[in-house]
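> The listed protein sequences derive, respectively, from chains A and B.
So for the first sequence, my numbering puts the first residue at 3; every next one is plus one.
So for the second sequence, my numbering puts the first residue at 2; every next one is plus one.
Check each hint, because a few of them may be wrong.
[Claimed, not checked] If you anchor each label on the Cβ, the simulated ranges turn out as follows: (1) A45(A) - F9(B): 47 to 57 Å; (2) E469(A) - H110(B): 41 to 51 Å; (3) G219(A) - S95(B): 41 to 51 Å; (4) P80(A) - S95(B): 49 to 59 Å; (5) A66(B) - G218(A): 27 to 37 Å.
[Said to hold, decoys possible] Straight-line distance between alpha carbons at most 35 Å, and here's what the computed DSBU-like set of lysine-lysine pairs gives: (6) K121(A) - K451(A); (7) K451(A) - K113(B); (8) K223(A) - K343(A); (9) K113(B) - K386(A); (10) K343(A) - K429(A); (11) K451(A) - K111(B); (12) K120(A) - K386(A); (13) K113(B) - K31(B); (14) K451(A) - K315(A); (15) K121(A) - K315(A); (16) K120(A) - K451(A); (17) K315(A) - K386(A); (18) K223(A) - K26(B); (19) K429(A) - K451(A); (20) K111(B) - K315(A); (21) K395(A) - K120(A); (22) K121(A) - K111(B); (23) K315(A) - K113(B); (24) K121(A) - K395(A); (25) K113(B) - K121(A); (26) K315(A) - K120(A); (27) K451(A) - K395(A); (28) K395(A) - K315(A); (29) K111(B) - K386(A); (30) K113(B) - K26(B); (31) K315(A) - K31(B); (32) K386(A) - K451(A); (33) K30(A) - K315(A); (34) K31(B) - K223(A); (35) K26(B) - K111(B); (36) K120(A) - K113(B); (37) K26(B) - K315(A); (38) K121(A) - K386(A); (39) K429(A) - K223(A).
Worth flagging that the hints you see were computed from the coordinates, not collected in a lab.
This structure is a prediction, so every number in the text was calculated from the model and none was measured.
For glycine and all other residues, C-beta sits at the position ideal for the given N, C-alpha and C.
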Amino acid sequence: MSALSVHAPVLLIAIPLLGAFAVPLIGKLGRGVRDVFVGLIAAFTAALAGLLAADVFGRGGAASVYVLGGKPFNIPLPSGMTAPIRILLEVDGMSAFMGLITALVTITAIAFSFSYWKKRSGGNMYYSLLLLLTAGIFGMEMTGDMFNFFVFLEVTSIAACGLIGFRVWLGRSQEAGFKVMTLYTVSGLFVLLAVGLLYGEHGGLNIAYLAHGLTGGLIDKIALGLLLTGLAMKAGAVPMHMWAPDAYGEAPAPTSAVLVANSQASLYGLFRVLFTLFGITVSAATTGWILIGFALLTIFVGVTMALVQNDIKRLIAYGAVSQIGYMLLGVGVGLATIVAKPAYGLVAMQGGIFHMINDAACIGLLFLVAGAISRAAGTRDLNKMGGLAHTMKYTSVFFVIGAFALAGVPPFNGFASKFLIYEASFKLSPFLAIIAILSSILLLAVFVKAFQGAFLGPRPASPGGGEAPLGMLIPMAVLTLVVIAFGLFPGFFVERIVTPAARALWFGRDAYISAILGG
Amino acid sequence: MNVGNLPFIVSALLVVLGIYTLLFKRNLIKLVIGVSLIETGVNLFLVMLGYRSEGIAPIYTFAPAGERMVLPTPQALTLTSIVIGLATTALLLSFAVFIWRHYGTLDVHKIKELKG
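Model the full structure from these sequences, guided by the hints.
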């Protein structure tokens with residue numbers, strides 16, 4: 003275990019954060035220097051996430067604590083209990099797994115941005131905000147403390163809205179920025195109120211310490227409700243999804259995928275709260291079914307709203323909203339059955355968690371394709387573009403692969419994870435699986451329509467940009483490879499990275515607590 | 002003076018008022034005020050959590066025995082939350098300024114490029 007992987011949890015936050023504030027300065031030296039700098043930061047961060055994952059999964063996904071400051075992080079209290087002090091980061095299989103997703107999405111988005119942003123102004127602001135967003139997302143995933151989680155949540159909120167709205171010359175981006183910022187702030191304040199309630203009740207902010215002291219009383223239940231609402235709102239679950247299509251649709255194309263990773267980080271926060279913080283102290287079946295309710299609504303509304311869109315990015319954005327539903331469904335089924343712990347509950351969890359990385363890869367791919375084709379066609383309106391397959395052969399293949407993967411067609415990765423979800427949710431109630439499968443089929447119809455609108459038809463009269471430049475094709479190709487690899491060898495990845503992550507949530511509550519409190 | 006649970010009721014009222022503003026007002030500036038109201042309510046709640054009646058500020062290396070002190074942690078939380086609130090309010094207001102420049106109105110019902 004090298005020194006780098008020991009310090010990876012904090013470096014994952016510190017490196018992008020320092021990079022974010024250095025970018026405007028380094029940008030003064032010229033675009034080339036800045037791009038190299040941003041690329042180095044992104045590559046180093048991704049390598050750290052990989053190291054951390056190798057380390058954590060090497061230990062089977064067990065929780066480990068990283069202490070900022072001196073070594074003894076526990077003080078014994080007169081009552082015989084120990085209380086954690088100092089700033090603590092706690093990493094287990096689930097955190098490392100989320101770190102991998104974030105690294106994959108950010109590095110491809112930043113690589114794509116180099117050529118996407120070549121002829122546009124505002125690059126310094128763009129990279130600065132993007133790195134800040136990355137730092138915030140990693141912070142949410144690594145922290146072991148509820149209040150720090152809130153702080154990182156707000157860091158991502160502000161950076162994300164900056165990214166959506168920093169192009170002040172576009173009216174739509176301002177409208178989207180205002181809407182998203184309002185809802186992000188409200189969701190953050192719900193979380194803060196819940197953190198305040200938990201602090202007042204149990205006198206601590208550390209997740210493990212709180213989890214140890216939770217009794218499931220009235221105040222705890224109110225806090226759970228607030229956390230559930232706030233985090234589901236920030237993840238874009240229906241009926242609190244109104245901001246999501248605006249955010250994904252109006253942000254610069256490469257960053258839409260990072261915004262999806264941000265939503266997934268909120269989802270991670272929700273899972274952490276439900277499994278590690280609360281566990282079975284409140285009725286897990288009830289919360290599980292609430293989660294399933296959110297999930298079905300999200301799947302169904304997301305897909306039906308995608309059907310009526312004519313804007314390519316908005317269409318993909320609604321697709322992204324519906325995929326959040328599948329993750330909620332898988333994990334909801336797991337939570338609903340956690341007390342009895344039947345085998346299919348763990349399968350559902352694996353499906354939901356596996357779907358997170360699959361969704362990040364194929365939604366990321368689709369948003370990058372959308373960026374490439376809207377650049378070539380000069381419009382995002384599906385009715386106005388057409389015939390792009392004549393000039394953009396590779397891009398159209400990438401789009402088909404991404405769309406099939408998202409709709410859950412074998413042999414791509416979306417099928418692998420959705421199949422686990424269908425199988426397990428069918429065991430709980432066939433109705434759940436039926437809604438999920440029907441929505442997937444509808445989603446396929448949506449993307450057939452989008453493909454027909456954008457790529458098929460006669461050769462466009464005005465010769466657009468032609469094939470996307472190599473700088474855009476390579477990140478798309480990398481994501482396509484991930485989509486295909488995860489689809490062809492799902493067993494390999496499920497066993498190596500998904501199962502430890504799912505087990506860390508399902509079985510890992512006691513280990514998570516004892517890593518901090520000892521004993 | 003003992004004020005009982007009054008501050009908690011006030012903070013709950015502020016939050017409810019803020020949510021009401023967000024749901025039923027149409028002017029963007031009023032929406033920003035609504036967000037600020039919720040924020041103030043939450044901050045008041047946090048400060049109240051650590052308050053002890055007749056307590057003193059806990060600025061000691063070694064605390065003398067028998068002193069009533071207010072809890073320092075909620076105050077640190079509130080400070081952080083105020084700073085975050087400043088950033089979000091500034092960002093929201095600057096969005097409102099640019100929306101005014103683009104559309105010439107602050108009425109949410111008249112700004113509807115992003116519907117559906």
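> Which constraints among the numbered hints does this structure fail? Numbers only, ascending.
none
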